[in-house]
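Construct the entire structure; sequences and hints are all you get.
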Amino acid sequence: MRRSPKPVIVAIAVTAAAATIAACSSSSSGTSAGSSSSTSSSAGGQVTLSWWNNATADPLKGVWVSAITAFQTAHPNVTIQNVPHQNEFFKTNMPIALKSNNPPDIYQQWGGGAEATQIQSGKLADLTQYVSGWIGTLGKAAAGWQVNGKQYGVPYDQHVVGFWYRKDLFAKAGITTPPTTIPELESDNAKLKAHGIAPIGLGGQAQWPDAFWWEYFAVRECSTSVIQQGMTASNMSAPCFSKATKDLTAFLATNPFEPGFNAVAAQSSPTSSAGMLANGKVAMELQGDWEPGEAKGDTTDKSIDSKLGWFAFPAVPGGQGDPSSVLGGGDGWSCTTGAAEPACAQFLQYIDSTEVQKQLVTQASIGLPANPAAESAITSPAVKAAAQAHDTAAYVAVYFDQALPTNPGLALDAAIANFFAGKGSNSAIINSVSSSSGH
Amino acid sequence: MTVLSAARGRGHADTAARRRTWITRPGTYLVILFVLAITLVPMLYLILSGFRTTGQLGSNPNGLPHPWVWSNYASILESAVFWQAVLNSAIIAVVATALAMVLGSMAAFALSRYTFRGRDGLFLLFTAGLLFPLNTAALPLFLMLQKIGMNDNLFGVALPEAAFSLPVTIVILRPFMRAIPGELEDAATVDGATRIRFFVRILLPLSRPALITVGILAFVTSWNTYLLPLIVLSTPSHFTLPLAVAMFQSQYSTDTARVFAYTALSMLPALSIFVFAQRYLVGGLVGAIRG
Amino acid sequence: MARAESTQDRGAARLAAGPEIISGPAAAGAPPKQRSARRKRIELAILLGPPLILFIGFVFVPMIFAIWYSLYNWNGYGPLSDFIGLQNYQGVVTGSVFHQALLHNIIIAVLSVVIQLPISIGLALLLNRRMRGQTALRLAVFTPYVLSQATTAVMWSMLLSHGGPVDSLLKSVGLAALIHFWLASTSLVLYTLFFVVTWQFIGFGIVLLLAGLQGIPPELREAAAIDGASSWQITRRIMLPLLGPTIRIWIFLAVIGSLQLFDIVWIMTLGGPANASQTMLTYLYFNGAERTQFGYGATVSVVLFIISFVFALAYQRYALRRDTAGALTRAVG
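Protein chains in written order, with my numbering: chain A, 1 to 439; chain B, 440 to 730; chain C, 731 to 1063.
In short, the hints are calculated from the structure, not lab data.
All of these numbers come straight from a predicted model, not from anything done at the bench.
We put the CB at the ideal spot given by N, CA and C, even for glycine.
Don't take every hint at face value.
What the hints assert, rightly or not - Lysine-lysine pairs mimicking DSS-like chemistry, simulated, CA-CA at most 30 angstroms apart:
hint	chain 1	residue 1	chain 2	residue 2
1	A	K193	A	K167
2	C	K901	A	K281
3	A	K296	A	K423
4	A	K172	C	K901
5	B	K586	A	K191
6	C	K901	A	K193
7	A	K172	A	K358
8	A	K99	B	K586
9	A	K150	A	K193
10	A	K296	A	K167
11	A	K358	A	K61
12	C	K901	A	K191
13	A	K281	A	K150
14	A	K191	A	K243
15	A	K167	A	K91
16	A	K172	A	K61
17	A	K61	A	K191
18	A	K150	A	K99
Said to hold, decoys possible - Chain C is nowhere near these chain A residues, computed Cβ spacing over 12 angstroms in every case:
hint	residue
19	G122
20	K167
21	A265
22	S324
23	P372
24	F420
Structure below.
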């Protein structure tokens, strides 16, 4: 064989050299220690804020981009860099990002106990003094973002969990009004089954949809103060929590969910439970206010929006919780300590301004704005009903895996999901939040 | 007792051979058909799904595109983000593969044809790297890269990828390099070549099938790596293909049809490399001696 | 030229003796002759230096850090302050979910060797033959390997959904009785995942085994065929033994890969339902990264490493020893 290896090696070397040059030049804008943020100077000079949000896709991305443009026009000394990241990124990479020398100036988080955990990094800015003037306009939404009375985060939307149901399928099964108690729900389920319709969709694969069920039973069985104490102390030994498990067991025994629910995704897939609701394979699903937006994408049915209705989680006979209490959450932001905090707080205020909030509702299908003044922009009757329930709720319990610190919160989700799969127990659920690593 | 004489062969080799191949041929084709079905039908599902909307996928998961939607593939091919991501993925993959192949073959040569103290220990060290998946090294790796200023840098992805590909490369190359007869090396020495020269001019060409194999594996591994670029790269213009898929995902929903279209297109470069390279999977020792 | 011919003659003689006897002085054990020890050291430094630097820098050092983290209770925020010694290890080793995960990994590893290997060998032998459309066939079989694990997982999740394409296909050919809850059933899910993993990684085996097959000269097969050996005998007595070393590498990499199974499982099932498909790495990711117990996660990675290391050591000693002692893939021309 006459072929010499030399040309191959030369080719590799040349390629590597070319790649080096290309890589260096393409990353010259992003040299050393992170490129997505720079130390911002306050005191009237030019300020740059890097903003990590999860809007990787339109329409939300478009709303943020136009918000940036408008804000920069009004504040010429401030530049905001939009850096969207996939949602998963925020769950797993924030410890890493907060450790770096250049954490983002503004980033997305979801309040509650998870926020409290992040505060341990020492990098979250206390915005209390900067927002005191306007945070009150957000009403009770802002409370979930305080830790020890200090405002470490600011929400931009709110969420409420309830039943999204197919009005057409209910009508087909002869159900005239949505149920208001659990026994009524169970009899409605029977009617749906009699007409060959799977009553309730559940995205069991993701685990947190299962948790919604148990948590709602807990919210119905336990008084507000018991829930609050439980979340603060990561302790669910109060007897009403075990009662919730009992209620759930009885409910599960009626087989209300679609077959094979353990493997069904909750969202982000056309074969998810949201997709099932959108395509009429199930009649209802207990989900957050994002459900209509999600469902729309999973079906070719253009009229799906008008087919969806909303009703609150039914009352549990004998429960000590207020039947108007809801499970909810929200999305929001934190500023980091390296950022120009006044400018940062101003931008967060702008996002919560009525005009931007209305844009979020109308263009980005954000269910419930953080600013109540923007609720008038909600057109869908179903979403209006959800917003109404949220506003008049006696207590908005943040979903437990967010209210608790991340560690016990996720352990709870897993324990509940195991229970749904028939391999758990009440003690496993109750104890999942107390031991530090429930495995 | 040799194999050949032990074989209970039939006397009429020729006609028997012809008869045998005639019988096995339909069997072979059946197997081929079955294999093709299992491997290609899901791929076909993937490609065809790119011509539907996610809504179609939800309404009728088992159907064909109706109507055929061209915008998924079209908009991806027209988007600068896609091509930028292709470029980034390509740069990283080429660098990582080249490094893994060059350094890996050097190390495999030393570990297969030299004797020295600690050789087996060194090989074990490299093998140990195989047992430590990239996922678990993520956090310390990030902190380290940040310290040396390689964050948000394509090299900050390529170098660790090459490092993690070294063990597989060495594990595969070492036995292949061992198999080259010692006589060839002796011959080269007698002819006045140094061992390094022997390595470059004789051993490497003879190891071509193995080299191509590790090259393909390193390339495909790098091409599809998700976690490392996710951690290292923060500027969207540096994103690789797996990261760029994120633009079709929002917090609550995913445009699955688009994702499938994107993925189908992303496979093309890696597949082309394979088609090109697999031709070189033939050759090696036999051809060398003949020549 | 003369030298090469005499090598060929010697080789031909060995060939005739049969493959079982083909072995010879280990190439690497050849006497150094005039090589000075110093020169050898320089060469080794050149050859091993750069790979070692890259490897130690980007693989070994993070490993050491991971071991360091495992001694702490650390949620990733703030400094490493809560030293708990071996408590994490106690938690891992006594954790029943971890035991389940380990068992699942072992099951996958065993199934890989028992099921995937024969399929890969058969396909490699098939694709090694010169035939029409060889390139296209190889491409077809290799394609699943090129697909990212994430997309494979999403795609098969949809295909295997209840009432989805797979179920519909089975129904249409009258095999509706075979329909099961592929991913929802705690007893089936692990095997369903094994099927998906097999689908994806056959291509890896094909590429590796094809490379190994290239080292076997066709004259060997032709000579045997002329002598009347059936193709099965040729396969069994000539091809497989000569393919031995490559097969043993395959087994090694497949077992290690099985121990590190993550992406496909995580995206399709999150290790569920109820830990029925939990692997060591999904266990690590959930308990370590998601629950921000980074110290605990590091512990799992160390334990996983130790398990893999024990296997690797044992495998090197008992299975690969033959391959490193002498060359069986020596295809002498």
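Cross-check of the supplied hints:
{"no.": "1", "hint": "K193(A) to K167(A)", "result": "16 angstroms, holds"}
{"no.": "2", "hint": "K901(C) to K281(A)", "result": "19 angstroms, holds"}
{"no.": "3", "hint": "K296(A) to K423(A)", "result": "34 angstroms, violated"}
{"no.": "4", "hint": "K172(A) to K901(C)", "result": "28 angstroms, holds"}
{"no.": "5", "hint": "K586(B) to K191(A)", "result": "64 angstroms, violated"}
{"no.": "6", "hint": "K901(C) to K193(A)", "result": "23 angstroms, holds"}
{"no.": "7", "hint": "K172(A) to K358(A)", "result": "36 angstroms, violated"}
{"no.": "8", "hint": "K99(A) to K586(B)", "result": "12 angstroms, holds"}
{"no.": "9", "hint": "K150(A) to K193(A)", "result": "50 angstroms, violated"}
{"no.": "10", "hint": "K296(A) to K167(A)", "result": "16 angstroms, holds"}
{"no.": "11", "hint": "K358(A) to K61(A)", "result": "15 angstroms, holds"}
{"no.": "12", "hint": "K901(C) to K191(A)", "result": "28 angstroms, holds"}
{"no.": "13", "hint": "K281(A) to K150(A)", "result": "46 angstroms, violated"}
{"no.": "14", "hint": "K191(A) to K243(A)", "result": "27 angstroms, holds"}
{"no.": "15", "hint": "K167(A) to K91(A)", "result": "35 angstroms, violated"}
{"no.": "16", "hint": "K172(A) to K61(A)", "result": "39 angstroms, violated"}
{"no.": "17", "hint": "K61(A) to K191(A)", "result": "43 angstroms, violated"}
{"no.": "18", "hint": "K150(A) to K99(A)", "result": "22 angstroms, holds"}
{"no.": "19", "hint": "G122", "result": "7 angstroms, violated"}
{"no.": "20", "hint": "K167", "result": "24 angstroms, holds"}
{"no.": "21", "hint": "A265", "result": "7 angstroms, violated"}
{"no.": "22", "hint": "S324", "result": "33 angstroms, holds"}
{"no.": "23", "hint": "P372", "result": "33 angstroms, holds"}
{"no.": "24", "hint": "F420", "result": "8 angstroms, violated"}
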